[in-house]
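The listed protein sequences correspond, in order, to chains G and P.
Okay, so the first sequence: first residue is 1 according to my numbering, each after it adds one.
Okay, so the second sequence: first residue is 411 according to my numbering, each after it adds one.
Because the hints were derived from the structure by calculation, they are not lab data.
A portion of the hints provided could be inaccurate.
Stated by the list, open to error - Quick list of the computed label-pair ranges, beta carbon to beta carbon: (1) L462/P x K310/G: 50 to 60 Å; (2) D526/P x A200/G: 48 to 58 Å; (3) L563/P x K310/G: 13 to 23 Å; (4) F493/P x E103/G: 18 to 28 Å; (5) S171/G x A469/P: 41 to 51 Å; (6) F509/P x N128/G: 39 to 49 Å; (7) Q307/G x V488/P: 54 to 64 Å; (8) N98/G x F493/P: 38 to 48 Å; (9) L172/G x G468/P: 57 to 67 Å; (10) P689/P x Q282/G: 36 to 46 Å.
Said to hold, decoys possible - One-sided and incomplete, this derived list gives chain P residues near chain G with beta-carbon spacing under 8 Å: (11) T467; (12) F527; (13) F621.
Here the structure is a predicted model, which is why all the values come from computation and not from measurement.
Using N, Cα and C, we set each Cβ at its ideal position, and we do this for glycine too.
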Amino acid sequence: MRRARWALGLALLAAALIAVGQVSATTKASGAAQAGTIKIGISLPLTGRFSEPGTDAMKGYKIWASLVNKSGGLLKKKIVLDIKDDASDQATIVSDYNRLISEDHVDLLLGTFSSFLNLPASSVAEKNRMVFVAPAGGSPALFARHYHYYFFSQQATAPHQGDLFSAWVKSLKPGKRPQSIAYPTLNDPFTQPVIEGIRAKMEALGIKTAFSKVYPTDTTDFDTIAQQIKSSGADAVVHGATFQDGVGLIRSMIKLGYNPRLMFQTTAPTEAADYAKAIGLQNTNGVMYAVSYASKAKGKRFPMNQQFVKAYKKAYNAPIPTEDAADAFAAAQVLQAAVTKVGKLDQDKMANWLHSHVAHTILGPLSWDSDGAPREAFFLAQWQRGKPQILAPRYIATTKKVIYPKPAWH
Amino acid sequence: MTDFIQVLVLGLLAGGLYALAASGLTLVFGVMNVINVAHGALLVLGAYLTWLFWRRTGADPLLLILVTTPVMFALGWVGYKLFVQRVRGAPAMSVLLTFSLALVIQGILGEIWSNDFRTVITSYSNHSFTIGSIVLPKERVFACAIAIVILGLLWLMLTRTWLGRAIRASAENPQGAALIGIELGSVAALTFAIGVATTGAGGSLISFSSFFPSTHYLWISRLLGIIVLGGMGSLSGAFVGALLMGVAEAMVAKYVPNGLAWVTAVPYMVIFVVLLVRPRGIFGAWTREDVATV
Numbered sequence: 001m002r003r004a005r006w007a008l009g010l011a012l013l014a015a016a017l018i019a020v021g022q023v024s025a026t027t028k029a030s031g032a033a034q035a036g037t038i039k040i041g042i043s044l045p046l047t048g049r050f051s052e053p054g055t056d057a058m059k060g061y062k063i064w065a066s067l068v069n070k071s072g073g074l075l076k077k078k079i080v081l082d083i084k085d086d087a088s089d090q091a092t093i094v095s096d097y098n099r100l101i102s103e104d105h106v107d108l109l110l111g112t113f114s115s116f117l118n119l120p121a122s123s124v125a126e127k128n129r130m131v132f133v134a135p136a137g138g139s140p141a142l143f144a145r146h147y148h149y150y151f152f153s154q155q156a157t158a159p160h161q162g163d164l165f166s167a168w169v170k171s172l173k174p175g176k177r178p179q180s181i182a183y184p185t186l187n188d189p190f191t192q193p194v195i196e197g198i199r200a201k202m203e204a205l206g207i208k209t210a211f212s213k214v215y216p217t218d219t220t221d222f223d224t225i226a227q228q229i230k231s232s233g234a235d236a237v238v239h240g241a242t243f244q245d246g247v248g249l250i251r252s253m254i255k256l257g258y259n260p261r262l263m264f265q266t267t268a269p270t271e272a273a274d275y276a277k278a279i280g281l282q283n284t285n286g287v288m289y290a291v292s293y294a295s296k297a298k299g300k301r302f303p304m305n306q307q308f309v310k311a312y313k314k315a316y317n318a319p320i321p322t323e324d325a326a327d328a329f330a331a332a333q334v335l336q337a338a339v340t341k342v343g344k345l346d347q348d349k350m351a352n353w354l355h356s357h358v359a360h361t362i363l364g365p366l367s368w369d370s371d372g373a374p375r376e377a378f379f380l381a382q383w384q385r386g387k388p389q390i391l392a393p394r395y396i397a398t399t400k401k402v403i404y405p406k407p408a409w410h
Numbered sequence: 411m412t413d414f415i416q417v418l419v420l421g422l423l424a425g426g427l428y429a430l431a432a433s434g435l436t437l438v439f440g441v442m443n444v445i446n447v448a449h450g451a452l453l454v455l456g457a458y459l460t461w462l463f464w465r466r467t468g469a470d471p472l473l474l475i476l477v478t479t480p481v482m483f484a485l486g487w488v489g490y491k492l493f494v495q496r497v498r499g500a501p502a503m504s505v506l507l508t509f510s511l512a513l514v515i516q517g518i519l520g521e522i523w524s525n526d527f528r529t530v531i532t533s534y535s536n537h538s539f540t541i542g543s544i545v546l547p548k549e550r551v552f553a554c555a556i557a558i559v560i561l562g563l564l565w566l567m568l569t570r571t572w573l574g575r576a577i578r579a580s581a582e583n584p585q586g587a588a589l590i591g592i593e594l595g596s597v598a599a600l601t602f603a604i605g606v607a608t609t610g611a612g613g614s615l616i617s618f619s620s621f622f623p624s625t626h627y628l629w630i631s632r633l634l635g636i637i638v639l640g641g642m643g644s645l646s647g648a649f650v651g652a653l654l655m656g657v658a659e660a661m662v663a664k665y666v667p668n669g670l671a672w673v674t675a676v677p678y679m680v681i682f683v684v685l686l687v688r689p690r691g692i693f694g695a696w697t698r699e700d701v702a703t704v
């Protein structure tokens with residue numbers, strides 16, 4: 001018994017010494033950060049249901065930091081990323097950003113992935129009056145709070161992500177437009193506003209809504225949904241999807257022999273290799289989607305894009321960067337622009353600059369309204385003969401040809 | 411009308427598969443008074459094993475039933491010896507124990523294969539049979555047909571073999587069964603292993619549709635709904651309950667406003683209604699006697 005007490009005492013002593021050592025190490029690191037480096041705090045969903053975009057975003061941030069450091073750093077200081085894993089959990093992300101600010105004493109913040117996590121995270125940044133540039137988070141709920149320090153660094157908020165698609169449908173002669181559209185939508189803060197935005201514009205054109213239903217995130221049976229769409233008589237489908245439900249519904253449409261003349265999906269078709277593999281390369285032909293990033297983009301309008309593509313290929317042995325990695329890279333470029341133009345780490349001045357200027361990124365030029373909502377448009381893309389092509393806007397289009405009506409499934 | 415028949419057919423095809431998935435759960439409850447809440451997790455584990463073998467070998471999931479069933483049988487046997495035999499005859503404790511096992515299985519699956527959706531895709535995945543204007547997806551038809559064949563074999567085993575008679579005797583009258591020389595412990599272990607083996611076959615058949623670790627919550631709620639509806643412990647009750655559940659889900663999805671969002675609530679509604687109106691389920695026999703007369 002006495003031995004056990006001694007052992008317990010020693011264990012407690014050892015734990016106390018380790019804790020003291022860690023506090024001392026943290027203090028030293030923090031001191032070093034203030035001297036010659038700029039420390040940027042980020043919490044990402046590296047595990048849990050958003051782990052894929054979270055991990056991709058981390059790659060984008062890391063490549064940005066490495067490229068900027070190679071070219072002399074930010075304000076001539078080396079960038080150090082302080083990345084935490086929020087496990088896709090809203091409570092954890094709040095605690096992470098609080099710790100980054102009050103314990104790790106980071107100089108700057110960058111945002112996380114999905115509206116779901118940026119909603120609570122941006123409140124922490126706003127309370128601490130720190131600029132918070134988010135690579136994903138276009139849900140209207142994020143802008144309804146009129147935050148001053150929040151900026152969404154893609155081209156458009158969710159309700160406007162399908163604007164170029166809607167404009168393309170409008171450009172068709174009335175007789176060539178689809179007559180009725182089905183709108184199956186995943187219950188998600190991102191997909192629903194996208195589809196509602198498109199639907200409002202289609203109904204304004206007089207195109208009938210044949211089917212409009214929201215399905216839960218854990219749906220695994222898509223045959224029932226495809227059957228309902230088929231029986232609705234819709235000749236076009238505008239699908240608010242993420243990856244798995246996107247390919248699931250297409251597979252069910254193929255099974256049930258339902259061939260819409262026009263097919264638009266959110267998110268799923270952007271995951272090029274996996275999408276083609278999941279539904280079959282031939283079946284991708286003619287599917288339309290909105291996308292924020294084009295790996296082939298180059299020139300002044302898309303600064304650093306080709307450097308990013310090259311570095312990404314080298315670091316991760318992948319043919320092209322994912323859209324999520326590119327979005328994170330662009331978010332960091334927005335923050336970089338604000339810091340560089342202001343010339344110091346003044347959060348108020350940085351926020352004011354972003355509200356009144358254009359930042360140039362690999363996604364193209366971005367600018368924001370007073371709520372941090374972007375004012376540009378997503379690219380309209382289409383799968384054509386096994387390859388993703390950009391249809392609009394013209395300055396980045398990779399083809400003038402549009403495949404319509406969509407060929408039948410194979 | 412065509413629409414209604416199409417929905418009905420899709421519901422019945424799903425129901426056939428549900429019946430196989432529910433058979434092991436009802437068998438284990440009927441014989442051992444154990445409510446195996448881990449049954450859904452084991453089903454999803456069966457689907458993951460199928461997906462794993464399919465990805466490595468390209469073998470058809472229907473053929474892989476011959477692999478997953480014995481693997482899950484062995485796992486069931488070991489699981490019984492290590493954990494379940496301690497709670498035999500104690501339904502409340504069995505719920506706690508097997509719920510914790512379900513969480514452990516979910517955690518392990520997530521750790522190994524992440525939380526991404528998985529699906530097995532075969533050469534006939536995108537094809538259907540057509541009767542008039544009614545479409546029958548091939549994978550659903552095959553899955554339902556094989557589920558019914560396996561259920562038939564299970565029924566034959568329970569009614570025509572010595573082991574089946576021993577299982578039924580143990581359920582009906584444990585003391586009497588012991589007196590005539592039936593080793594109750596071994597029969598219970600075998601019953602549990604057979605119950606878990608059905609999740610191997612069932613897992614292979616559900617691998618055609620998307621699954622991920624936490625899908626087991628959907629499955630266990632659905633399966634509990636089925637066996638409460640059919641009568642807990644009754645194999646034939648589970649069969650009828652499963653068909654009704656499949657049709658109910660399809661009808662709710664189609665005809666209830668915003669029905670797609672209500673589909674996952676159907677099993678819970680079924681449990682509520684059955685417990686209020688007819689607590690013993692449709693087949694209405696006392697559960698342990700019921701298994702003895704399958």
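Against the structure, the hints:
Checked against the hint of 50 to 60 Å, the C-beta distance between L462/P and K310/G comes to roughly 36 Å, which is inconsistent with it. For D526/P paired with A200/G, a C-beta distance near 33 Å fails the hint of 48 to 58 Å. A beta carbon spacing of about 60 Å between L563/P and K310/G contradicts the range 13 to 23 Å that was offered as a hint. As the Cβ distance of F493/P to E103/G is approximately 42 Å, the hint placing it in 18 to 28 Å is violated.
Hint check: S171/G to A469/P, Cβ distance near 50 Å, so the stated range 41 to 51 Å holds. At about 41 Å, the CB distance of F509/P to N128/G agrees with the hint of 39 to 49 Å. At about 55 Å, the CB distance of Q307/G to V488/P agrees with the hint of 54 to 64 Å. Roughly 41 Å separates the CB atoms of N98/G and F493/P, a value that falls within the hinted 38 to 48 Å.
Checking the proposed 57 to 67 Å range against L172/G and G468/P shows it is violated: the Cβ atoms sit about 44 Å from each other. Under the hint 36 to 46 Å, the C-beta atoms of P689/P and Q282/G, about 54 Å apart, miss the expected range. About 18 Å separates the beta-carbon of T467/P from the nearest beta-carbon of chain G, more than 8 Å, and the hint is not met. Proximity of F527/P to chain G holds as hinted, the smallest CB-CB distance being about 4 Å (cut-off 8 Å).
About 7 Å separates the beta-carbon of F621/P from the nearest beta-carbon of chain G, less than 8 Å, and the hint is met.
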